[in-house]
Amino acid sequence: MIKVQDLHYSYGRKPVFSGLSLDLQPGHIYGLLGKNGTGKSTLLRVISGLLFAQRGEVNVLGFNPVKRDPRFLRQVFMVPEEFYLPNTGIESYLLANAGFYPDFNRSQFDAYLKEFTIPAGQSLQEMSYGQKKKFLVSFGLACNTPVLLMDEPTNGLDIMSKSQFRKVMAGAVSDNKCILISTHQVKDLENLIDRITIIDEGNILFDQTVGNISSKLHFKISFDSDEVRSAIYRENSLKGSAVILINEAGEEGGLDLEMLYKAIVTNKDAVQSAFK
Amino acid sequence: MNAILSFQRLSGLIRKQWIENNRFYLAASLALFGLLSLAVIIFWILMNRSRFEEKDLYFIYLTGLFLAGTIFASMGFIHLGNKEKGMSWLTFPASHTEKLITVFFYHSVLFFLVYSACFLLVKWLVVAFVKNYYIAGSQDRFVPVNWNGELGTILPVMLIAFLAIQSLYLLGSLYFKQYSFIKTTLVMICLAGMYIFLVAKAYQVFFPDMGLQLGNNIELRRHHDPANFAIYQSYSLGPIVANTLELLLKWAWAPVFLLITWFRLGEKEI
Numbered sequence: 001m002i003k004v005q006d007l008h009y010s011y012g013r014k015p016v017f018s019g020l021s022l023d024l025q026p027g028h029i030y031g032l033l034g035k036n037g038t039g040k041s042t043l044l045r046v047i048s049g050l051l052f053a054q055r056g057e058v059n060v061l062g063f064n065p066v067k068r069d070p071r072f073l074r075q076v077f078m079v080p081e082e083f084y085l086p087n088t089g090i091e092s093y094l095l096a097n098a099g100f101y102p103d104f105n106r107s108q109f110d111a112y113l114k115e116f117t118i119p120a121g122q123s124l125q126e127m128s129y130g131q132k133k134k135f136l137v138s139f140g141l142a143c144n145t146p147v148l149l150m151d152e153p154t155n156g157l158d159i160m161s162k163s164q165f166r167k168v169m170a171g172a173v174s175d176n177k178c179i180l181i182s183t184h185q186v187k188d189l190e191n192l193i194d195r196i197t198i199i200d201e202g203n204i205l206f207d208q209t210v211g212n213i214s215s216k217l218h219f220k221i222s223f224d225s226d227e228v229r230s231a232i233y234r235e236n237s238l239k240g241s242a243v244i245l246i247n248e249a250g251e252e253g254g255l256d257l258e259m260l261y262k263a264i265v266t267n268k269d270a271v272q273s274a275f276k
Numbered sequence: 001m002n003a004i005l006s007f008q009r010l011s012g013l014i015r016k017q018w019i020e021n022n023r024f025y026l027a028a029s030l031a032l033f034g035l036l037s038l039a040v041i042i043f044w045i046l047m048n049r050s051r052f053e054e055k056d057l058y059f060i061y062l063t064g065l066f067l068a069g070t071i072f073a074s075m076g077f078i079h080l081g082n083k084e085k086g087m088s089w090l091t092f093p094a095s096h097t098e099k100l101i102t103v104f105f106y107h108s109v110l111f112f113l114v115y116s117a118c119f120l121l122v123k124w125l126v127v128a129f130v131k132n133y134y135i136a137g138s139q140d141r142f143v144p145v146n147w148n149g150e151l152g153t154i155l156p157v158m159l160i161a162f163l164a165i166q167s168l169y170l171l172g173s174l175y176f177k178q179y180s181f182i183k184t185t186l187v188m189i190c191l192a193g194m195y196i197f198l199v200a201k202a203y204q205v206f207f208p209d210m211g212l213q214l215g216n217n218i219e220l221r222r223h224h225d226p227a228n229f230a231i232y233q234s235y236s237l238g239p240i241v242a243n244t245l246e247l248l249l250k251w252a253w254a255p256v257f258l259l260i261t262w263f264r265l266g267e268k269e270i
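Going line by line, the protein sequences match chains G and B. Just so we're aligned, residue 1 is where the first sequence starts under UniProt numbering, counting upward by one. Just so we're aligned, residue 1 is where the second sequence starts under UniProt numbering, counting upward by one.
Everything labelled a hint here was simulated from the structure, so no lab data went into it. Any given hint might turn out to be false.
Unchecked claim - The calculated label-pair distances, taken between Cβ atoms and stated as ranges, are:
1) G:I204 with B:S11: 40 to 46 angstroms
2) G:D194 with B:F263: 37 to 43 angstroms
3) B:L26 with G:N176: 40 to 46 angstroms
4) G:I221 with B:E267: 51 to 57 angstroms
5) B:S11 with G:N87: 21 to 27 angstroms
6) B:S11 with G:E57: 31 to 37 angstroms
7) G:T266 with B:E84: 33 to 39 angstroms
8) G:I159 with B:L38: 54 to 60 angstroms
9) B:S11 with G:T266: 53 to 59 angstroms
10) G:Q272 with B:S11: 51 to 57 angstroms
11) G:N105 with B:T244: 51 to 57 angstroms
Since the structure is predicted, the reported quantities are computational estimates derived from the model, not experimental observations. Every residue, glycine too, gets a C-beta built ideally from N, C-alpha and C.
Extracted from the complex, chain G is given alone in its bound form (with noise of 0.2 angstroms):
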C-alpha cells in the first residue's frame, strides 16, 4: 500500500533520511515514533506529496505521490500537527469539501462528532484548538481514505479527548485502511497501533508488530535484584524496579511503549538481539 524504498531527502546541508525503506500494509494502524527532528513529519509529507525525495522511490496506492494526482489525493487523507480550517460552519465545511472524498460517510462523521463531543451548530473559528483538531480527525475518519497519516493528532487534547481519540481509532481501522500515527507521545497511542516504527538518524531504527514484541519481550515491576541486573532496560521507581526482560518463557502480559522506545533508544543492540 505504501511502499518507501532508498528514501534520501535532506533540508540543505541537513540530511533527514539517507536510504530509509518502509513497507506498509493495509488493516494496520502504524505507530512512527521518534525523537523530535528524526523526520517523522517530513516522512509523512513525502507520503503525502508535500514534499518530493531527493532520490529513491514513494509508492502510494500505484501512485507516484509527487504527481498529487487527484486520484491519488482523494484517497489519501492527512491531519497534520498544525493544520487549517477556514471560517465557516461545519454544514458549510462539509458542503464544500466532503464531495471531494468519494467514500465520505455523514453518519459515521455525525457520530464520531458525537462521540468528541462538539456541538453541531458551532462555527469552525470558534472552537478551541483541540475542538478543531478533534473536527479534522473525525472528518478524516469520515472520508475513509485507505490512507490516513495523523502528525502528532494527541497534541492539544485534554485526557478526556485522548481517550476519546483511542476510542474513535480503534473503531475506525478495517482491514483496507492504512493509519499511520507520528507522536512522540507514546502513552497517548499504547494498545492502539499494531506496529511500532521507530525512526532515527534517516534510518529505521526498530519495526516490529505488538504482538511480535509481546512475545519476545516481557514488561514486569520486579523486586528480584538478580531479575533486574539481568534485564536489557531498567527503571527503578517507588513500587519497584520496571523492567523489559527476553521472554524466554512466553508470558502473557502488557506493553510499555514508552519503556520501549526508552530501551530502543539507550540500548537498541540488545532489544534487537531479541528479535534475531
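Chain G is already provided as a structure; the job is to place chain B on it using the hints.
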C-alpha cells in the same frame, strides 16, 4: 476520471473557494465600490469644475483596474506562504490545473467583472448627479465619450494588457511568500528595463545608421544622407509575420505566465 481537468471537480473547487472566502470577497467588493466612489468624486467632480469629460472617468477606471487588480492578483497564492493553509490546499483532491483556473477565475475574471460593475454603478450615479444637479443651470458642461476617438483604441489594448499583468502578479504571488506585490513590481520594472536596454543596444550595434519607425508595422529605414532625408532603403516585416507578431505580443503574455505558474505549482513543496 480525468487527472488534469474535470468540470465537476472544477465547479466543486469554485464553490469551495466561495464558501470559504465569501465574506472576504463581499467586503472587498464593498471596499472597491467605496474607493471608486471616492476617486471619482475627488478626481472627476471636484477637479473638473467646468468641463466634465466622460472619457476621464474611463482613465480613472483603467488606473484603478490596474492598481487594485495587481494588488488582488498578488493575493492569489498568498496561502501557499502559510504552512498550514498551503498543506491543506496542496493536498486537496483537485489537479493543479483546476486549482490554477479557480485562482485565476476569482482573482482576475471575477475581479474584473465586479470592479467593472462597481465602476458602471458609480459612473451612472455621478453622471446623473453632475448632469441633473451639479451643472444644471450653469456654464459647465458634460462631454460624453467618443468611442471612435483615442479611448476606443486604447481600451481594448489596455484590457489585454490587464490580463497579462494579472497573470504576471499571480505568478509573483506563487514565487514570493511575502510582499509579493512589491517584489513582483520591482522584478517587472527590472525585466522591462533590461529588455528596453538590450533592444536599444542591439539596435545601435546591428543597425547603427538606420531609423526605426513604429507604426502599423516595424520598419527600418536608411536615408540618403542627413541633408537628403528621402528614404534610400526600407526594411519591414511581411504582413503575415507582422500580424502574427502583433497577435503574439498582445495575447501570448497571459498564457505564458499562466503556464509558468502551472509548472511552478507542480514543483511547490511545503
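Practice problem: Please write out, lowest number first, the hints stated earlier that are contradicted by the structure. | Solution: Violated hints: none; all satisfied.
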